[in-house]
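Put chains Y, Z and F on the given structure of chain X with help from the hints.
If you want the building blocks of each chain, they are given just below.
Number of protein chains: 4
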Amino acid sequence: MHEIKEECGVFGICSTQMQDVAGTVYYGLFALQHRGQESCGIVVNDDGLFRSYRDNGLVNDVFTRPVLDTLGQGSMAIGHNRYSTTGSGDRSNAQPLVVNHHKGRMALAHNGNIVNAYELRKELEMNGSIFHSTSDTEVIAYVITKARIACGSIEEAILRAMDRIEGAYSLLVMSPQKMIAVRDPHGFRPLCYGRREDGSFIVASESCALDAVGASYVRDIEPGEVMVFQGGRVTSLQQHCKEKPHRICIFEYLYFARPDSIIEGKEVHTARRKAGALLAMQYPVDADVVIGVPDSGLDAAIGYAEQSGIPYGMGFIKNKYIGRTFIAPGQKNREDKVRIKLNVIRHTVKDKRVVLVDDSVVRGTTITRIVELVRSAGAREVHVMSSAPMFTDACYYGVDVDSKENLIACQCGGDLVKIAATVGADSIGYLDRDALHMLLGNKPKEGYCAACFGCGYPTAVPTGDKSRFETRISEEDAQKADEDYERYLRD
Amino acid sequence: MHEIKEECGVFGICSTQMQDVAGTVYYGLFALQHRGQESCGIVVNDDGLFRSYRDNGLVNDVFTRPVLDTLGQGSMAIGHNRYSTTGSGDRSNAQPLVVNHHKGRMALAHNGNIVNAYELRKELEMNGSIFHSTSDTEVIAYVITKARIACGSIEEAILRAMDRIEGAYSLLVMSPQKMIAVRDPHGFRPLCYGRREDGSFIVASESCALDAVGASYVRDIEPGEVMVFQGGRVTSLQQHCKEKPHRICIFEYLYFARPDSIIEGKEVHTARRKAGALLAMQYPVDADVVIGVPDSGLDAAIGYAEQSGIPYGMGFIKNKYIGRTFIAPGQKNREDKVRIKLNVIRHTVKDKRVVLVDDSVVRGTTITRIVELVRSAGAREVHVMSSAPMFTDACYYGVDVDSKENLIACQCGGDLVKIAATVGADSIGYLDRDALHMLLGNKPKEGYCAACFGCGYPTAVPTGDKSRFETRISEEDAQKADEDYERYLRD
Amino acid sequence: MHEIKEECGVFGICSTQMQDVAGTVYYGLFALQHRGQESCGIVVNDDGLFRSYRDNGLVNDVFTRPVLDTLGQGSMAIGHNRYSTTGSGDRSNAQPLVVNHHKGRMALAHNGNIVNAYELRKELEMNGSIFHSTSDTEVIAYVITKARIACGSIEEAILRAMDRIEGAYSLLVMSPQKMIAVRDPHGFRPLCYGRREDGSFIVASESCALDAVGASYVRDIEPGEVMVFQGGRVTSLQQHCKEKPHRICIFEYLYFARPDSIIEGKEVHTARRKAGALLAMQYPVDADVVIGVPDSGLDAAIGYAEQSGIPYGMGFIKNKYIGRTFIAPGQKNREDKVRIKLNVIRHTVKDKRVVLVDDSVVRGTTITRIVELVRSAGAREVHVMSSAPMFTDACYYGVDVDSKENLIACQCGGDLVKIAATVGADSIGYLDRDALHMLLGNKPKEGYCAACFGCGYPTAVPTGDKSRFETRISEEDAQKADEDYERYLRD
Amino acid sequence: MHEIKEECGVFGICSTQMQDVAGTVYYGLFALQHRGQESCGIVVNDDGLFRSYRDNGLVNDVFTRPVLDTLGQGSMAIGHNRYSTTGSGDRSNAQPLVVNHHKGRMALAHNGNIVNAYELRKELEMNGSIFHSTSDTEVIAYVITKARIACGSIEEAILRAMDRIEGAYSLLVMSPQKMIAVRDPHGFRPLCYGRREDGSFIVASESCALDAVGASYVRDIEPGEVMVFQGGRVTSLQQHCKEKPHRICIFEYLYFARPDSIIEGKEVHTARRKAGALLAMQYPVDADVVIGVPDSGLDAAIGYAEQSGIPYGMGFIKNKYIGRTFIAPGQKNREDKVRIKLNVIRHTVKDKRVVLVDDSVVRGTTITRIVELVRSAGAREVHVMSSAPMFTDACYYGVDVDSKENLIACQCGGDLVKIAATVGADSIGYLDRDALHMLLGNKPKEGYCAACFGCGYPTAVPTGDKSRFETRISEEDAQKADEDYERYLRD
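Residue numbers (our numbering), protein chains in the order written: chain X, 1 to 491; chain Y, 1 to 491; chain Z, 1 to 491; chain F, 1 to 491.
Since the hints were made in silico from the structure, they are not lab data. Computed from a predicted structure; not experimentally measured. Check before you lean on any hint, since a few could be wrong.
[Claimed, not checked] Using 25 angstroms as the maximum straight-line C-alpha spacing, the simulated DMTMM-like pairs for lysine to aspartate or glutamate come out as follows:
(1) 337/Z to 163/X
(2) 341/Z to 198/X
(3) 341/Z to 155/X
(4) 266/X to 155/Z
(5) 341/Y to 197/F
(6) 318/F to 306/Y
(7) 320/X to 295/Z
(8) 122/F to 155/Z
(9) 337/X to 61/Z
(10) 350/X to 288/Z
So that you can see chain X by itself, here it is in the shape it has in the complex (with noise of 0.2 angstroms):
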């Protein structure tokens, strides 16, 4: 799945004293890093003053121990990991974002993606508001602070602004005095929090990050919850809670999140070891082996192996040094690039008839040229599974799908002999959408996003132009192919 783009992760803390708070958020973060590896921030919250540092980078690039010194010491922070469609050099979109307002200073960090952003932009401008960045955490910032003139607490004035606030978005937000946890009312992104033996709050995208920090996990923030945390007291308010479906992004248990966190109960890894067993129900194949993609296809490729009884093998060794500095000099065609990243161990496919697990199959590149190494290596026949349904639909919730012309799914129509045909492989299946249900423990179509699978749309969907609010010019889309590429042997 390694060419849709990664999300934004959120991470908080909020303690009862003073102590290295930066240092929490830093291994919180880190143990995101998956959610994005654009750009990253933390900031540090010292009895009222706010002191931050944002940059474009991985997390232990940014956050040298100069840097975190400079953060000290403090009782709350928050923290976030950002994927970043705009170049390089700027770094005005990474985040938390830091506002000053009439009541003081306020830190968001958000995870997600407004529907009605052109609207309320649009409309704040009219009235003389001016905007840094083109993100939407700016526009959330906007809504706060005007809904705050009339609001005698903050937390009065986030649940004001989710009157106006449409889309996606699990929020952290930092006053001066409290930290606040908000999760839209579809619950579209996940959002947990825990608590650490100095009773200190933890609040991150997902549960692993608590478990990086030592902290033990309570439960997940509610769709519509907005939580206080201040001092050693939690507050819900849950105005927003019950007024819409609940709509958790299934792909986050697909490709997203990472196999040992727990999203609303349940387990990331069971559920795509239950992917690779419906696959194995749906596409049952004579075969002699069953192998994952390294990393995010291992999962159901176990699941494969276990529900239909081929032994499970090691197909692939995955070069563990190749990080952001990774260059690739001289005249190399694609496919050699492949196998600087992966390399195949020739016994475990030679002479066999491969089932070949990957998390999902976006425009098709890179898993065809995984199919030439595995034939190359000596396989007999390879057959392809994606534990992801067909990608047909764009995603507004966050999620960068590819455009529908690059999907090989709908270049292909649909057609699986056709798809199979075009990435080299002997068959090729897809989990079908109507089993996605059965991943979460049979949760009713309702509880779930999948509509980037063509299962609807639970929202409104943004019809302004966005035109303008784009940065990034025009010369460099044509790069963007390669780009992605590169990006792919990076990770």
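Showing chains Y, Z and F alone in chain X's frame:
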């Protein structure tokens, strides 16, 4: 005068064709580096699309070749050098500021200080505005944007905004179509423009930056003038030109500006030589040699030598490799550190009666060490001459004069004998504040601002509580003296 | 096995035409990164002129695009990855070594350890030789150079030098005209060669590097063989081939080499799976799931699962973003730090009896923490299986096995019950050292080296006092355990 | 003289107690930075253990605080600044050199050039010696090491080695127990020592480095002298002292050394002022102002002004922020680039007849551009004065004078009218080579070396073919002029 913070520099180019405008701004900012060394930035206007880069650091550290390459070609660009009092990690105050508003984008680069910034900000916040930074520049951007709602053009909005903004501002504003240069009605800070042979207009804080990019100086922007550059044309709007007395900062001539710059028709070097000559008349000394403290005391030293007939000598060698990365290891005391930067040329001072000229004497700590150096090299007498008068008052127009209790002139009650004893000199002289007008060719005293020397403020001064805009944490204050000293060593 | 230091990797290319040989070596070293992560280097032979670059750091940190560009084109190049025990500031031991001698230049890249290095060095020094480094490689360079005086060719000099040098060495030598691959008569360390479609010869420590550059594996260099590559020809000199029993290091199969490499005709992954299968036979356990410690315990875990019939499960998620720059802020204890790198997939182990397979157990500190992780995730029983036998003796052939007093097997007198109690496991099993030959297809025990497992040394072992070559300062020794642990976390 | 390469600088400290010797060397090298800017290094002697760090770059770029921290405390340390003609990636020539030999370790830092290096190296190689670098320093290390076999002490070995080594060398040798300063019998390069109040001995290429570390100058090391520092004692060995005529390089006074240094009892600044005064007598001009090209033309300009009675003026402002990272974007021609670095102070030269003093005129390209600058600022006449005589011959003692065909004096056959026309001046004058002795207080002509000015070589000159030691690739030669010019701009 190294104990006084430098101010900002602005630079812009408006061409009729696409070209490497970022490269031109790079050279221009480099020539204005002495006006601000903490951060810098460039915004390129590529047919209405803005590409920008800002970071902490010197121009040639921030703008590496890859960074300049990402800025690409354009028909206009503006840039800014900034001296910032906030911590090194905080880039949010770096300029030019780029904002989005209802009519599109706008970039601003500002040199100066707004005296009613607090009131304006308070008023804006009460209407729900949010601020990302603590800078005056954001306030200016807001006031212009609000005015724009009722105005047909950006220049009209600027003219209207000037009714509201009080204080010192030399401003470059860039819209998708125009570059606009603005100088406040008092004209506290310099701003001039020139033209290059390719027809491009260049605007810069000082004329030395015009020289650096091969442009010919045309004239200074007049106090209160708004000049609009678009394509190959320039339009002057003079509504605010005559409304206030003109008040160019005299300290620009004495310390800030580069000696090769021409401000309001007067060459800085010449003004400094005159200051030296005036000192020679005011404080005649029976001496053998006149030496200047490099670099900014040299001009006045030559002037003193010429007027007095005492030979000019080269008194010091300054280590030219001192830079930002210079560290000061070990348990050395400060006297040793001065020796790292400056060394006396013994032959020049040995057994001599020495006149030692510096641009100013603020706290007195640095000059004390320099006098020691000269004495330890064998000087028989050391007479200190300061080409700036005694500092006695705060500046509200963009210069960070030290607080009163640190000023040696205040500590010693203006008693020259006491000051001389404190710094270890045989005698000391400060240029008489009543002689300042002679530096500028007998300009009337109303023609310049010398408020910091006790000559009275040309405007109302701020009364509002600025403390909530203060981001510097209090512990850092203790380190301030040390850091300033380190900065002096590196400069 | 992360508590055992990795060894070095060598890579070379000899082409018939000028090309981007540095780029090829870059890819090759990148594929061999697991063999040494402290420093790396490349030497390009451009028609007899040598251009080289060496530095501390990973391949993709050291070889940025500008650095590769300065190396330029050539017809030959060799490279080296190194694990260094000296401080990070000391680059003088980085390889390849380039020396000038009476016949011109010579570059050497070496993997191994010379047992009579001390004697050779002493003898050379008594004749007035000077040494720039403490490495064996410089000794080898000297012995070849001295031999060269009486020899007509570099290969003759190498053959003669092999009479004097004892121990483990897989060597690449580059002269202005030739690239020469050498493997010691025992053949302790692997070395193989292949060919690319453009006719270039490739030599590499492991076959995975041939795959990475698109070369086909031809065969291993034989123990004692000297292969001379020049232009499009290859010549094999076999004078030393049969003089000693062949002794490939068994630990290359168990830990060092990449699973996709083929050494002496045996695939590493397969050998590890066999180790797992043998463990299942040797230590049958009544359990519910078999999990491996990523990455090097996974192969054997699959083997154990297959043989035992107990299901294989994915037990851990490893944070793939851990890298060299990862810092560990705060006062966290070590248990927390393990959690930063590894997290348990709860569903896999909860309420289960778990077989936990790792590649080896050396000090026991890391496995103790992992067992705790698994238990805290709810495992009912944890049975540890080590696919390497118990370490009992030092290695003199290039592996930095820990000192005896730190080995848990030695501390516990080889008592499995005691070891299990120490690491907190319900039981523990180590592969029987008498079963090792089965990993390699019933190879006779004389066919490999397992000296570190108490199977006897194939050569005389060093007696000389090596202390004077030691550059590590003694205070550092105290920090060693900490640093090793940090390294494990980053790896 | 910026078209002539700077030479090296050495610095050492020998204390009686453990202290931050690396910090002292850091300050010392920083004061000697003008003698070499390509690479630098420090070796600390911690009770016989050597810790070293060397890299390309300026002292304050290479020696960051963490690097200095790794060097730790010691009782002795030596350091080196180097100008290197090889590519930036090649650090193998960086000094001090550290070697291991039969009696232990030895570190060397060398300033100079050995004229029989080729013969010595050839002889050593024929005995099987290998060389890691192309530097003379490694040859010296070998000759000392070979001599050591038959000598009881390191100082005896050095005395014996001096019988074999011919040419220019100011040397610091550090053994586990001693620091030894050596100056060749001709005494081409300066070397002096001093003492600090804590009893430490300091040795440095120039006395300005003694000042920088708070040491008092004691005296110059005599030509041929070997001074042994150990603990608190110093021993002078003078066997080689009287064997050759003393020949201090006159160009040290004219350009290399810092004006505040004292060499053989003469202050450099004073020598330069005398050069200016001599020029005024030799080439009297009817002019209005005397200006110097910063920085190294200023001293002589003052001397010219004093002698002639023509007023001294400040002619230029040099941008002090130019540094290593300065890039020159865009298609600007060179004339523009000079303007980036230097700007004329118009008032000083406008409508004036100007005497323009520079330290030397080599190729003439830079002075041509500077004359243009002065003319374009309105000067009526420009008379150029070079305080160095015409360069006519190569230097074999450590100065990289340009090749004959590039020297403007040679191109124009020494015809002053022709040279003036070439550089665009109204007239030009060079200090008469027969007047050089007057700079040093009527020293006899045998007392200094002025071989490069056509005054004859004091030693035999090299005949051997040095080409095989040449690592610079030929394509680079084409870029040389450009690089030199860039270097000038940055300097």
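A quick look at each hint next to the structure:
no., hint, in the structure
1, 337/Z to 163/X, "violated (43 angstroms)"
2, 341/Z to 198/X, "holds (23 angstroms)"
3, 341/Z to 155/X, "violated (36 angstroms)"
4, 266/X to 155/Z, "violated (65 angstroms)"
5, 341/Y to 197/F, "holds (21 angstroms)"
6, 318/F to 306/Y, "holds (23 angstroms)"
7, 320/X to 295/Z, "holds (10 angstroms)"
8, 122/F to 155/Z, "holds (22 angstroms)"
9, 337/X to 61/Z, "holds (18 angstroms)"
10, 350/X to 288/Z, "violated (30 angstroms)"
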